[in-house]
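Colleague: Chains as they are written, first to last, in our numbering: chain A, 114 to 523; chain B, 114 to 523.
Note that these hints are calculated values from the structure, not bench results.
Keep in mind it's a predicted model, so treat the numbers as computed, not measured.
Watch out, some of these pointers could steer you wrong.
[Unchecked claim] Between beta-carbon pairs, the in silico distance windows are:
no.	chain 1	residue 1	chain 2	residue 2	range
1	A	T222	B	K235	19 to 29 Å
2	A	V403	B	P172	47 to 57 Å
3	A	V448	B	E162	42 to 52 Å
4	A	E254	B	Q227	22 to 32 Å
5	B	D383	A	G241	25 to 35 Å
From the three backbone atoms N, C-alpha and C, an ideal C-beta is built for every residue, glycine too.
Number of protein chains: 2
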Amino acid sequence: MAIVVQKFGGTSVANAEKIRRAADRAIASSKQGNQVVVVASARGKQTDELVADAIEINPNPPKREMDMLLSTGEQQTVSLFAMACYALGQKAISFTGSQIQMITDDAHTKARIQNIGTDRIKKKLDEGFIVIVAGFQGVDEEGNITTLGRGGSDTSAVALAAALGADTCEIYTDVDGIYSTDPRKYPKAVKMKQISYDEMLELASLGAGVMHGRSIEFGKKYNVKIHVRSSLHDEPGTLITHEVAKMEGILVSGATIHKDLAKIGMIGVDNRPGNAARIFTHLAKAKVSVNDIIQTEVSSEKANISFTVSKSDLDSARQAIEDIQETVHCQNVFVREDVAEVSIVGVGMRSHYGVADRMFQALADAAVNIDSITTSEIRISCLVDLDHSDAALTAICDAFQLDKPADKRT
Amino acid sequence: MAIVVQKFGGTSVANAEKIRRAADRAIASSKQGNQVVVVASARGKQTDELVADAIEINPNPPKREMDMLLSTGEQQTVSLFAMACYALGQKAISFTGSQIQMITDDAHTKARIQNIGTDRIKKKLDEGFIVIVAGFQGVDEEGNITTLGRGGSDTSAVALAAALGADTCEIYTDVDGIYSTDPRKYPKAVKMKQISYDEMLELASLGAGVMHGRSIEFGKKYNVKIHVRSSLHDEPGTLITHEVAKMEGILVSGATIHKDLAKIGMIGVDNRPGNAARIFTHLAKAKVSVNDIIQTEVSSEKANISFTVSKSDLDSARQAIEDIQETVHCQNVFVREDVAEVSIVGVGMRSHYGVADRMFQALADAAVNIDSITTSEIRISCLVDLDHSDAALTAICDAFQLDKPADKRT
Chain A
114 MAIVVQKFGG TSVANAEKIR RAADRAIASS KQGNQVVVVA SARGKQTDEL
164 VADAIEINPN PPKREMDMLL STGEQQTVSL FAMACYALGQ KAISFTGSQI
214 QMITDDAHTK ARIQNIGTDR IKKKLDEGFI VIVAGFQGVD EEGNITTLGR
264 GGSDTSAVAL AAALGADTCE IYTDVDGIYS TDPRKYPKAV KMKQISYDEM
314 LELASLGAGV MHGRSIEFGK KYNVKIHVRS SLHDEPGTLI THEVAKMEGI
364 LVSGATIHKD LAKIGMIGVD NRPGNAARIF THLAKAKVSV NDIIQTEVSS
414 EKANISFTVS KSDLDSARQA IEDIQETVHC QNVFVREDVA EVSIVGVGMR
464 SHYGVADRMF QALADAAVNI DSITTSEIRI SCLVDLDHSD AALTAICDAF
514 QLDKPADKRT
Chain B
114 MAIVVQKFGG TSVANAEKIR RAADRAIASS KQGNQVVVVA SARGKQTDEL
164 VADAIEINPN PPKREMDMLL STGEQQTVSL FAMACYALGQ KAISFTGSQI
214 QMITDDAHTK ARIQNIGTDR IKKKLDEGFI VIVAGFQGVD EEGNITTLGR
264 GGSDTSAVAL AAALGADTCE IYTDVDGIYS TDPRKYPKAV KMKQISYDEM
314 LELASLGAGV MHGRSIEFGK KYNVKIHVRS SLHDEPGTLI THEVAKMEGI
364 LVSGATIHKD LAKIGMIGVD NRPGNAARIF THLAKAKVSV NDIIQTEVSS
414 EKANISFTVS KSDLDSARQA IEDIQETVHC QNVFVREDVA EVSIVGVGMR
464 SHYGVADRMF QALADAAVNI DSITTSEIRI SCLVDLDHSD AALTAICDAF
514 QLDKPADKRT
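Chain A on its own, in the form it takes in the complex (with noise of 0.2 Å):
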């Protein structure tokens, strides 16, 4: 028998009509003859509304505490998930992440799995029960509640998938699937049958939402088959898989915009071994978060370095480089706040010549100007003036045929 994993988001068990829904969509699973292992967040804003009375009574809440707090609304789900199955006439039984074993670090707020137990899911999978289990949280060693940070539900769904072996992992959600770039920028954009876990990869990490990339990680290292569909109707939305054949003649799969940016430049540097190690280092003891960067020799002595960071980390950041500023010899330093990235992201690029020059000509047909350029082996992101940025998604979405479906693309 089959096993089957299937995550309901916060909005797909919002309130009781929503998760009976969600509760019929495993019981129908469980019908076809899988076994249903059901994953859940909290519904709808209730961690919100959880951090919020932490918040009033502890404006710095110590994260254990935090932990403890938060996990209620999974469980509180679950439960309610639980007894929506007996409603409809299907024996379930709910697990919390301790109950399962879903062993954590203990690094409270954040917690990386480490192990998860499978003999009492599988036991009552056996016994013919839908296991409903709470997305998100974990247990440490000492048997403390922990939770799994951003998009936590998504990772303890691919990593009970993983964990058990699931033929697939199905990820509910109130957008159909993946799509070629973000409808509400490029609304001729088409919904992506699959795609690779490496193009997903580069896709969240730009932004794209949908799903986290940890959980994405997850996947790749245990080749976990993904599902992201609708919680709203049955058509079948976007595969994330490993590369597959039929995949090869598809140059490009999606094309993204990321403007939450700032790049910051820092002009003559000393060109001596280190001093990169040093200016990173020292962003990263400010947490700020660094995306691409670019160094560029200018002489023997002088080197430019420009990165870009969240709009959120750019104060951080801008303090953190005026501290070493002295240290590391540089010269200036400028930021930029109007500036946007538009990427391309495609397994196909890798063997194939052509497609930089065809993103920079259609770029250059639209009169954007690029201030920067970087790549990976399946992207290639520019940066551009914000002013200019939507404009320029239209332009590459339109030069890679993103409109159409991904096998009719020439």
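Starting from the structure of chain A, add chain B where the hints point.
Modeller: Coordinates of chain B only, in the frame set by chain A:
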């Protein structure tokens, strides 16, 4: 160092301000040199809200899942309580019933405590933490979350006090302590300085509220000094303890009235061995909780049996009696709903004559007719007309001088 257990009920932790005040109290006790263990209930009406959430999804929710759901209320309180302690500069740690191994049987929604782990609590107390334990909840041997039923947090607190060998178990509530009778019924009622477990048990079973009978039984069994006191001020409340020397002179400690009653009379039941057992086994199967039973022999062949039940159980009781009526050859059944029970409770009456006389005389002087009388070692109860029951209570209270402190009565 003395260990003190402090229990805060739902009204004492209903919001951030109240949680802060309760935390203040725990910290004050800690600063006086005590090791403090707090047991807390769910905030305000939260349990009611969770029950409503459940009923909306499943009018007959499975009990295991109900326990899973309801236990989150206390878990939220204890984590918020710990945060409040930190905000006030005191380190603290919260635990679920599962985390401290509050082991119960598997009777979900009304589980009984079997064993309590104390190692983890003692370790944290020795490290200088205030330890905050979720009341009302435990865990069975398989790790399923259980709850202890009505008044469960009191039971958690007293049981923890027993297991830890605590000096006192303080029960914080919104009343000042235990009164000689309900002050709303008899405004001259006085707060008792102390009362014995047995008396408190009789008062609890007669509906005097404040504390649930099971926690008192626990206190009696393990000799836990229980201090019922107000969470609003620092005045001492009432100490529940074993009988003490200075109690001996006191005949009657308190009086109660119980109006939620109906009397069922079975006339002319065959006076054969086993008939009473048949009737009450049948009622137990129908989940009717029977109060005082009176059986009188009418002749060598026939007996009359009467008993009282809660008004909420009356329909089930009536149905059950109808089913069994022929089997026991009962000639006639009557029901009285217009009755109430007034009782006096006191360890002193065991060894004193004249107590019953005084009660009956007081009722006669007040022109209250007595329907029937039942007694235990430390209690005398009279069933009277509902219309006359308030007057009956006043008459009894006056007769036994319940408006005076216990040591001033004659």
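Colleague: So, for every hint listed, does it hold in this structure?
Modeller: Going through the hints against the structure:
For T222 (chain A) paired with K235 (chain B), a C-beta distance near 28 Å keeps the hint of 19 to 29 Å intact. A C-beta distance of roughly 55 Å is found between V403 (chain A) and P172 (chain B), which places it inside the suggested range of 47 to 57 Å. The supplied range of 42 to 52 Å is met by V448 (chain A) and E162 (chain B), whose beta-carbon atoms lie about 49 Å from each other. One distance hint, 22 to 32 Å for the beta-carbon pair E254 (chain A) and Q227 (chain B), holds here, with the actual separation near 26 Å.
For the pair D383 (chain B) and G241 (chain A), the beta carbons lie near 49 Å from each other, so the given range of 25 to 35 Å is not met.
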